[in-house]
Amino acid sequence: MNQTNNKDTFFQDGAADMNTSEMIYAYHFDTLREMRALLSQRLQTKMTDEEIFEAVKTAFRNKSAAGTATGPSGDIVDYIYEM
Amino acid sequence: MYILGISALYHDSAAALIQDGQIISAAQEERFTRVKMDKTIPHNAIRYCLKEAGIDAAELDAVVYYDDPALTLHRYTSNIKAAADDTEDLIRFSFDSIFKQKLWIERLLRNSMGRLGKEDKLYVTRHHLSHAASAFYPSPFDKAAVLTIDGVGEWDTTTIGYGSGNDLTLLKKLEYPHSLGLLYSAFTYFCGFRVNFGDYKLMGLAPYGEPVYADLIREKLIHIKPDGSFRLGLEYFDFQYGRAMTNEAFAQLFGGERRLPEGRITKREMDMAASVQAVTEEVVMKLAKTAKALTGADKLVMAGGVALNCVANGRLLKSGLFDDIWVQPAAGDAGGALGAALAFYHLHIRGERPMRADGRDLQQGSFLGPAYSGEEIRAYLDKEEIPYHHFSSHSHLMDHIAEMLDDQKVIGVFAGRMEYGPRALGHRSIIADPRSEYMQSRLNLSIKYRESFRPFAPAVLQERSADYFDLPQSKCDLPYMLICADVLDREDLGFDMREKLSRDNDMLAIVNRKRSGIPAVTHVDYSARVQTVDQETNPFFHSIIKAFEKKTGCGVVINTSFNVRGEPIVCSPEDAYHCFMNTEMDILVLQDCVLYKDEQPQLQKRRDRYEPD
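Same order as they appear, the protein sequences are chains A and B.
Under my numbering, residues 1 to 83 are what the first sequence spells out, in order.
Under my numbering, residues 84 to 696 are what the second sequence spells out, in order.
Simulated from the structure, these hints should not be mistaken for lab results.
It is possible that some hints are incorrect.
[Stated by the list, open to error] Derived DSBU-like pairs (lysine-lysine); straight-line CA-CA distance at most 35 Å:
1. B:LYS633 <-> A:LYS7
2. A:LYS7 <-> B:LYS308
3. B:LYS401 <-> A:LYS7
4. A:LYS7 <-> B:LYS369
5. B:LYS226 <-> A:LYS7
6. A:LYS7 <-> B:LYS303
In isolation and in its complexed conformation, chain B is listed as follows (with noise of 0.2 Å):
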């Protein structure tokens, strides 16, 4: 039984497909047309989904849509009523967004596939239980705490549910407009980033501040009750009647007016990340206790676009609260489209779940997206009559990656199914040494053209990972770089870093301070986002660390995502070409195909290509 989700027309279109409950494929749509976060009707990924399995959409059991127009509907109609009488533009965009394009989603769909399924049917369903059905099912538990936060879905921000075989009951909520999504993307719009893009800067920018704003937060901001729950002071706020994010009692409460993009980071801006960090993992927190005390649980599944705060996950993990947490490695709205398919299959159908004997999960590394085969590399290389060698030997391919990253080359790297989600685990990854203390300003500034202060993941052999990060070995198997945890290895950096900052605001100076031995993919508070490499699931990414650590004792290798700012990661051979000649990356391996910086020829640049985000 073939099963397609759908997500689509929010943010980070999506396509996924099932058969029986296992993962065929999934894909997000910006991959394909090159325009990040896309939210249109994700004809490509559909497209993609099918292929893989061989099948075309008349021969689908069911479609499902991830989210219930009506409800939307219900929101914004709400939302313009309880509105003051100048808000023409959210008039505008309200009836633009619902009556042009959401309620019409059968319709939209049905353009796109020409048939939607067997019965040619749109079957949807909630936002939020797509979340959870994205957590849950494919995670190794047999039952679980299930806990999704996000901005809005619907009405709800935030859900705690209970999963058990393949049943999933969602038992507490909270409505919109009370959104801890909606209150970190507030600061990160003050904070002079893009909402829904920028989010994850603003966590990387939080340890260099202090949490000083947390009591005013709490105060003004938003009112947390002992189970987590809360209500935002709505007072601060423009995003239920405007188009931006905070008014000016917001900015009265931080000192004046927010930062502007691309304008100067300054102790404000770390200070006001570092609080807002603080307060939501104290909600996370109690979120996951109250979620604990509802389900008896003894582990605990999440999802949503707060799911990715990988700080609040690795804090949750370290807790103990839960023996094992699992997060859906497409956190946000992109992984609704498996949770809608997933959700229909085991609520609907009544379908029988699927487990791994081995007690792992069935993400399968979430590596579910196009693979192109050697032939189809060298056919590509071949016609536009790129310089390239071909290394038949796998062994002697991985020394020499190795070799070449000990050379402090930095390296793209190619290789089997895209990855399903935001982060790059090995496939379409750009790697270097984390050894050197200028490795992260250097791919920062010359090879992603982003900002100085982000620090970078390691990618570590699993069975060395206790080696270098403060893990138990029991929780040692974290292969989707959504989990926060301490570098081992530590030198201090001989200098009080906030003193710095409030001296010279010089965070080059810092970043660039050895402060571990693996320094390139140690964060200014010694945490490092870990992603564990096995064997089994990321062979090829294992072969190479394996081969780095064979020349240099060194089981880690920083691993970035394969594009430049603003750029969806790369999706083809192509995509990875023209990246690699638009950075000052030095190699770029296609699977078993090398190719060299110094002898490619002259192409031009096309950096201005993508907005910043």
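If we strip away everything but chain A, and leave its shape as in the complex, we get (with noise of 0.2 Å):
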């Protein structure tokens, strides 16, 4: 296969992210901006905020799907974008 590796392991270490701690939360937005801040704070480990939403306007604006969806609320890809 074209993907090899020579360190002895593939594992993760479940160290920052998987405290056991912080994985169980009050997952509460009632705004879009809530829901912004929501998953900037979820994802801090992953990706920076900026990072997250232009992801998220990447895969879903730019590609043509995405603008005819709507969600619970309306335009949730509009509403992100005004953000």
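Join the two chains, each given in its own frame, into one complex according to the hints.
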């Protein structure tokens, strides 16, 4: 196979983002701005705030299907785009 | 303190209710809606769990969802970013899935329940933490290594952890797209079975084949390190960016296009099944060794869809690597509901962990679903004017069932609380005599309407399990049908099975060949997916087998789930009656009522109601 790895393992340590006390939290947002804050907070070890929403915009705005899709409270992409 | 756990929106939605760490109730939504692997918000299962405790949603101390939508969003967006431009289907699917549903789980659940407990809040936990908690906390072990393996949850596909008392720590992980569950599912798909529905069919097919492709799989499809960690050869798969599991490169590796669903099963599919099963067992064994090395534990607990691979589990138990292993009976996503509630109770609340003084688990035989009283059953039968015979004497009922089994009748059994998890364990089961070499094909073709090659499981009196199966006396408590063991009393087939398959491709001739004293539950490799039945946990079913033993000397019956192909296991007396009437089943036992097929009125058959799985 093409993907070879000379390390002895492919395991990742269950360090920072696998702290069990941080794995459980109250999931809540009322507004899309709060949703953005929640996602940013949850993903901070993975991506920066800007990266998250650049990723969302890139994924769902720049590709054609997203423009017609709507969530329970309206066109989510437009909301995110405006934030 | 009441905590409700919920799994939903992936596959096999479920709800589970615990009180101070003890399991009160748990059920899968599919049983109520009659939609197999229903993934919608489990309104019915939630309602049932609350009713069982006699509380309403506002009285719950917490409501916990088993998966973190934020991390799932991150995986979806990362996937789409990395995809090529012509992935409109993927985008549409991802957008609908995450933005219309998963991110809004709090709102969807509040709409369903009215109020999310006393705090009106939804807590979420991690997918693999839910699996790990579902495996460790109900287990009988104070300390254990924890292994979770599935397709994917958020980013994770495999974790190794350690549980001690009410602590649970995840130590190592593997991330998507490198997934043992998805590798297995790719072969399920390529061999013409439905992903998430047919993985156990592939496992059942494996003994007919030879692992001739195992080296090819190791060379091209999965790079396995000595510690069991792995990476997939992604150039052969389509699950990341397409809607199929495999691509053209994968097909070329195995000599052409995939088998179409319902197509003829050839030696290639048998050998592919044997090969991926061999590789899966190798990975599971290596992961278990790493878990042992990391934790020093002498017990192992497991969950995640791959933990339903009872052949791998049996090999692990037999290896002696751990003194004992315990697998969550609802090892797939349905079990995540229970795990979420338990994780919250132990890790967030820091509640005290209940343990049984007799050393048994807290799963209660997995009989955690709805029950119907004798009065309710008779009221239903009377209202529908269905002919039945009521047995007021339990011993007479048991003797009668034993006599009918000995007379080669196929019997539907409905009693007590419904099972939580994919296996029927005697409360929603179809049972028959395992001594007949023709019973396997009769059950498959005339009762279950499924493929002739598929094996049936034995339910054996726990006290007699070592008489029939290669199990050490200390490991004879296997109530959940999650471990394969070898049958002891073997008879030679009289021909070379694989040579015959190559020549005639006649699986039925092999299935109908007597190969042990209990041929209907002996697979072609002399293995069996054993369920031990004990008096304390499963008294009704134990009484049936005991009566059968008294009459015939045989302490084993066939136990298969009470449903037809594509149908969820029956939940209510009405479901049971309709399944009974739409198959060639001879007798239906609804607790203390017995119904004979030849006394029933004509009922329009509804066999096409369920899509084949």
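Hints, one by one, checked against the model:
Of the pairs offered as hints, the one joining LYS633 (chain B) and LYS7 (chain A) is violated, with about 60 Å between alpha carbons and a cut-off of 35 Å exceeded. The straight-line distance between the Cα atoms of LYS7 (chain A) and LYS308 (chain B) is roughly 9 Å, inside the 35 Å bound, and the hint therefore holds. A C-alpha spacing of about 31 Å is found between LYS401 (chain B) and LYS7 (chain A), which places the hinted pair at or below 35 Å, so the restraint holds. Taking the CA atoms of LYS7 (chain A) and LYS369 (chain B), the gap is near 17 Å; set against the 35 Å cutoff, the hint holds.
The hinted pair formed by LYS226 (chain B) and LYS7 (chain A) meets the criterion: a straight-line CA distance of about 31 Å does not exceed 35 Å. Between the alpha carbons of LYS7 (chain A) and LYS303 (chain B) the distance comes to roughly 18 Å, so the proposed pair stays at or under 35 Å and holds.
Against the hints set out earlier in the document, a violation occurs for number 1 only.
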